[in-house]
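Chains A, B, C and D, in that order, are what the protein sequence lines are. As numbered in our numbering, residues 2 to 334 make up the first sequence, in order. As numbered in our numbering, residues 2 to 334 make up the second sequence, in order. As numbered in our numbering, residues 2 to 334 make up the third sequence, in order. As numbered in our numbering, residues 2 to 334 make up the fourth sequence, in order.
It should be emphasised that the hints constitute simulated quantities derived from the structure, not laboratory data. Some hints could be false.
[Claimed, not checked] With a straight-line Cα cutoff of 25 angstroms, these simulated PhoX-like cross-link-like pairs (lysine-lysine) come out:
id, chain 1, residue 1, chain 2, residue 2
1, C, Lys215, B, Lys215
2, B, Lys64, A, Lys132
3, D, Lys199, C, Lys144
4, D, Lys64, A, Lys14
[As the list claims (entries may be wrong)] Reference excerpt, derived from the structure (chain C facing chain A, CB under 7 angstroms, subset only):
id, residue
5, Asp251
6, Ala289
7, Ala323
8, Gly324
This structure is a prediction, so every number in the text was calculated from the model and none was measured. Where is the CB? At the ideal position from N, CA and C, for every residue including glycine.
4 protein chains.
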Amino acid sequence: MIVVLKSNIDSDKQLKLVEWLKGQGLGVHISAGEFRTVLGLIGDTSKVDMELIESLDIVDSVKRVTETFKRAGRSFHPEDTVVRVGDVRIGGGNFCMIAGPCSVETEEQIVAVAKAVKAAGANILRGGAFKPRTSPYDFQGLKANGLELLKIARAETGLPIVSEIMSAHDLPLFEDVDILQVGARNMQNFDLLNELGKSGKPVLLKRGLANTLKELLMSAEYIIAGGNEQVILCERGIRTFSDYYRNTLDLSAVPMLHELSHLPVIVDPSHATGIARMVPSMALAAVAAGADGLIIEVHNDPIHALCDGAQSLRPDEYDELAGRIRKLREALR
Amino acid sequence: MIVVLKSNIDSDKQLKLVEWLKGQGLGVHISAGEFRTVLGLIGDTSKVDMELIESLDIVDSVKRVTETFKRAGRSFHPEDTVVRVGDVRIGGGNFCMIAGPCSVETEEQIVAVAKAVKAAGANILRGGAFKPRTSPYDFQGLKANGLELLKIARAETGLPIVSEIMSAHDLPLFEDVDILQVGARNMQNFDLLNELGKSGKPVLLKRGLANTLKELLMSAEYIIAGGNEQVILCERGIRTFSDYYRNTLDLSAVPMLHELSHLPVIVDPSHATGIARMVPSMALAAVAAGADGLIIEVHNDPIHALCDGAQSLRPDEYDELAGRIRKLREALR
Amino acid sequence: MIVVLKSNIDSDKQLKLVEWLKGQGLGVHISAGEFRTVLGLIGDTSKVDMELIESLDIVDSVKRVTETFKRAGRSFHPEDTVVRVGDVRIGGGNFCMIAGPCSVETEEQIVAVAKAVKAAGANILRGGAFKPRTSPYDFQGLKANGLELLKIARAETGLPIVSEIMSAHDLPLFEDVDILQVGARNMQNFDLLNELGKSGKPVLLKRGLANTLKELLMSAEYIIAGGNEQVILCERGIRTFSDYYRNTLDLSAVPMLHELSHLPVIVDPSHATGIARMVPSMALAAVAAGADGLIIEVHNDPIHALCDGAQSLRPDEYDELAGRIRKLREALR
Amino acid sequence: MIVVLKSNIDSDKQLKLVEWLKGQGLGVHISAGEFRTVLGLIGDTSKVDMELIESLDIVDSVKRVTETFKRAGRSFHPEDTVVRVGDVRIGGGNFCMIAGPCSVETEEQIVAVAKAVKAAGANILRGGAFKPRTSPYDFQGLKANGLELLKIARAETGLPIVSEIMSAHDLPLFEDVDILQVGARNMQNFDLLNELGKSGKPVLLKRGLANTLKELLMSAEYIIAGGNEQVILCERGIRTFSDYYRNTLDLSAVPMLHELSHLPVIVDPSHATGIARMVPSMALAAVAAGADGLIIEVHNDPIHALCDGAQSLRPDEYDELAGRIRKLREALR
C-alpha cells in the first residue's frame, strides 16, 4: 500500500502517522520527493482501513498495490474455473446457453418453453419463481410452486434449472435447484452470499446496476471464502443516462473480468436492453466479446406473440439466434 | 396510461393490441394525430405491465399518468407523517440530530460518544453492530454484542438508538432497538422490507447508490403496504463519476421527496462525502435544503484524533457544528 | 404533444393554460380521466417549449409524440445513407476500416503506418493533427503541418484521410482533408456543426462522453439542416463509474441508432477502452453488433512496441485483427 | 509519479521500461515489495504520458502525486482570487447575486427585469443573447442585438452584464460585455478557452454535464495559462440517472473546489434543477455550502406568470429569496 502525503505538512503529524502504522505491524518505507512524501507500507496490509487513512488531513491519497480479491482473482488461481451442473460445463472454453421465461406461469408454459429451447440448442433452463419487483403491488412470482413446475420441466427435458433466490431463508426450497441465481439488487446482500458460500451449489451472480467490477469480484469472494468456488459471473447492464434502452450493456466487462478472474462470465442481453428486437445483436456481440455463455428470455405466450417485441424472444426467434451464435462461434475459433 | 404508437404501423396489429387491452378490463380511448396515434387507457392500470407494452414493435412509448406509490405518496396523504421514537419526533417540523460512531467498538467508546453527542444536542444515537462490507475479510461488526453495548449507552443517556439490520433473520435481535436502519445496499432487499413492514418498528430507509427517487419511494411503499408507516427516508449520496469525494450528495432529493411524499427526509453527509472536513458544509447545506434531520458519524477514538480528517467528526467538532446548525435553523424560520 | 395535468388543480389555471396553448396556434384535445386530465396538442408542436410547460406547477409531465430529429431520423428517410469518400463507401452494407496513429508525428511515421494499415486491409487513414487535451501543458498536435504529412501519406497509399477539426476557424486548413472529425468534447459545439453543415464535406461525428442518442442525432441534425447529409455517427464510450477501463463502450447504441436513423454508425474501441489488449475483443463485438465500420489506433513506434499494451495496436496486431474481422463478417452474413 | 508494476513480470521488460523512463530525463527509484514492484519517478513528470504508461501490459497502475493544475490550484497560490467587475467583487468573502432572464427578448423585458432584480439586491445582470440549443430548430437567441439590449439595461441600472459566448469568432461582439460566460457544453472547447485567456476579460466558466472537478480546473488552467486569472467557476448540475429533476446539483463541489483552487465558486440552481419551485431551497443550500455567489433566472413574462413554475423565478419570488439569502448569510458568519 502506498500513502501519498500532502505537501508542506506538519512533520509532527507525519511522525505520528508513521508510528501508528508501525504499531499496526507494518514496515514503513519513507520516500521524500521534490514535492511530496510517499510512504510505502510493507507487510499484510489487507486489514488496513484504506478509507480511514485516505481521509486524514495530511494524506493526499492512498493506493493499494495488491488486489483484495484473492480467491476470485486470477493472480493466485491462473487456470479457468469450470462450473459443473450435471453434464453441463461452463467456463474454460465451454459455452452455455441458458434460456427460458422471465416468470414460471403454468406447467404447460414452462414445459413447452423448455422443450422449445432445448430443441434450439439451449442446455440450461431458466425461470423465475421468486420475482424481485420494484413495486409491492406487482406479481411476485409463483414462489415454491414455481420451483416445482421448473423441476417438472427438467424431468421432461433433462435440462438443469436455474432460478433466482432472494433470501437465505428460502434455501431449503432450492435444495433441488441446480444453479442458484443472485439478482442484481442482491449482489451485495452479504447475508445471502455467506449462506450460498456454505451451500456448495453453483451460483449465478449478477452484477448490480451500479457496481464496479471490483465490487462484483468481492461479492464472488464472499461466496468462495465460504468454501464454494462454483460461481458464474453475469453482466446484465448498468444504469447510466441512456434514453432508448433500459440499461447500458457493458461488454468491456467480459474481457476484463476474464483478465482479473478465473471465473466464467456470461451475459444477459434481455435484461440489459429490455427490448427483444435488440437481443440478437447484443447476444452476438457478447459472444464476439468472449462470453462463456448467454442467458436469454424466451416465452411461448400468444399475447406476447401478438406483435414481435417484448423483452422475451419467441421460440422461433431464439432458434434462429442460436443458429447464428453457433456459426459465429465457429468463425471465432 | 397513455400508449403512443409508431407511425405507419400495421392496422391489424393495432387492432389486436386494442383488443388485448380491452380484454384486460380497460377502456381504450383512441386519438389519431397527424403523425402518431395515441391510446388513452382508462380504468385500473396499476396491474398493466408497462414495460411489456413499451417493448412491442408497434409502440413508440408508454406513459403512466398516475404514480404507483399510493401509500408513500403525498397525493392520497397530504399531511406530513411524524415518526415517533420515545419522546423524539421526526418530520412535520421536528428536526432530529442522529449521531454516533460508524461501528460500536467497546462499552467505554459507545458510552463516551453517546454522552458527548447528547451534550452537543443530538437526540438519537447511531452505532453499527452489523456492518455490510464490500470485502469478506473486513471487520463485520460486533453483531449481537454491539447491540447490547448500544442499549447500555441508551440506558446511560436516555437517547433512543438506531442500528443497521442486514437480514430479516436477525429481527429478534433488534426487538429492543428503537429504529431499524436499512442500508443503501439493501434498499431493494424486498424480503427484508416485507418483514420490516410487519414489524411495526420505525425504519430508517437509506437510498441506494444508484436508485431513483421513485424506487426509494416504492421501497418505502413495501414497508407501508405491510402496515408500518413509520418510515424515515435518508439521502446519503449517489454513485457518479466524481473524482474527489466518495459519492455525490443529491440535496435536490430533499425538496422533491417532500413534494412527492409525506415521509420525513434526513441526510447523511458523512457517508456521502467520506471526508470529515466536508461534513459541516454539507450538513449546513442539507438543513438549508429543508432536511428533517441529519445522521452524522462522531467518534472519540484517539487514533482518529491523531490528525483531523477521517469520515467521522470528533466530539468537539460535532459540538461546534451543532451550534451552527441551531443558528442556521433559527435564521431559516 | 401530450400534457398530463396534476390531480385536483385549480380549474382557472387549467383554463388559462389551454387558452395560452390555443394562442400558440395549437388545437387542444382535453381528455379527463379518473385521476388526471390529459391535454393532447394538435398541430405544429415543434416550436413549443416542452420544458417550460413541464415546469408549470399544474403540469405533471409532458411527452412529445413525434421526434424532433426529422432529417437525421429514419421515419422520413427510410433508406440507409451511404457516405462517399473517393472510392470508399460507408453505410448501406459497406464496411469501413479506419486506422492510424493517435497523433501524426513525422512523415516517416505516418507513411509507415499508412502503408502497414493499408496492407492489413484498412481503407481510410486517421491521424490527429489538432489534439484536444485536458491540460494546456500537454502536446497539442502538429496542427497544419500534421495535415500536410497526412496528405503525403495519402499520396503514397491512396487512402483517404480523416482528422479532427476543433474550430470552425480552421476550416480553410481542412479544405483538402477527406473526412472532418468532430471530437466527443465538441459534439455540441453548435457553431462548428453549423459551419460543417455548410462545408458539404463528409463528417465523422463522435458521441459526447455523456450525451444521449437523441442529442447525438440532434447534433447530426444541425449538420444535415445546413445542407450536408454526409454524416457518420461514432460510438466511442460513455462516462460511467467504471473502474478498470477508461469509458464504457455502449454497443447497444449501434442497433438503436440504426433503427432511429439512416446514417452509418461506426465504433471506436481504442478510445472507449484506452487499453490496446481490449481493442480486439471490443472490435469484434462491435462488428457483431452491426457496426458499419471501425476506427482503430495503430502506431509503429518502437517505444510503444517495447511492451505490448498502450491504447494503440502495433501493425502486426492490427493485421491479425483485420483478418479475424473479415472472418467474422463472413460468418454474420 | 508512481508506477506500480504487475507481479511476476518479465524482468527484461521491466528493465526496458526503466531505461525508457530514464531516457525521458527522469530519476527512477525502484522499490521491490513482497508482491509488487513500485517505481517512483523523480523530476519533471508533467510531460510524461500517464495513460501510455498505464496501458503497458507490465504496468498495474500509475498515480500522479502532484496535481497538473498549477496556476488554478491553491498549492502555489494560497490566497483567494477576487474577480473585479466595475465596483463588484467576487470571491474572497465577496458574494455576488447574478440574475436575469434566460434569453434577452426585448428592450422592455430586459430593462424591466434588470430594474426588478437590482431592487431585490442583485449586483450583476445575466441575459442570453447567443443560445446553445440541442435542436437546430429551436430559438438561438437575438445574438448581437441581444447584447445591445443588455447594454441598454446596464446603462439604465448600472449593473454589469454577463452573457454566454459560444465561439471565439464572436469575441469582437463581446468587447463591451463585462463577464463572458462559457456554457457547460463548451467547457472543453479549448479553442475558445485559449482565446478567452488572451482576452483578459472576466470569465464565468460553467462545469460540463459530465466533467470532473479536475477537468473543470484544467479548463480554468487553459484560461489562466493564457494570462487571464479572472475566472469564476460555476457548478450547474451534472448528468446522472435522476428521475424528477433535470440534473443533479453537486454541492459538494463547492467546498472541494475551494480546497483545491483559489478561484471563486458560484452555483446555478436554475439550470441544475430546471424547476423554479426548487430554486429557493437549492439556492439556500448553495449559500450554506459556502458558494461565493448565485446565478439565478428571473423573468417578468406574463405568460410564465400564468402559473408559478417554469425554470425562472418571478421578480417577487426573487425578491423574497434574496431576503432569505441575506438572513442566511448573516447567520452563517
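Hint by hint, here is what the structure shows:
1. Taking the CA atoms of Lys215 (chain C) and Lys215 (chain B), the gap is near 24 angstroms; set against the 25 angstroms cutoff, the hint holds.
2. Taking the CA atoms of Lys64 (chain B) and Lys132 (chain A), the gap is about 23 angstroms. The hint holds against a cut of 25 angstroms.
3. Taking the CA atoms of Lys199 (chain D) and Lys144 (chain C), the gap is near 20 angstroms; set against the 25 angstroms cutoff, the hint holds.
4. Restraint check for Lys64 (chain D) and Lys14 (chain A): satisfied, since their Cα atoms lie roughly 23 angstroms apart, inside the 25 angstroms limit.
5. Taken as an interface hint, Asp251 (chain C) checks out: its beta carbon lies about 5 angstroms from the nearest beta carbon of chain A, inside 7 angstroms.
6. Look at Ala289 (chain C): its Cβ gets to within about 4 angstroms of chain A, closer than 7 angstroms, so that hint holds up.
7. Contact between Ala323 (chain C) and chain A, as hinted, is not supported at the beta carbon level, the nearest pair being about 14 angstroms apart and thus beyond 7 angstroms.
8. For Gly324 (chain C), the interface hint is violated, the least distance from its beta-carbon to any beta-carbon of chain A being 11 angstroms, above 7 angstroms.
Taken one by one, the earlier hints fail for this structure at numbers 7 and 8, listed in ascending order.
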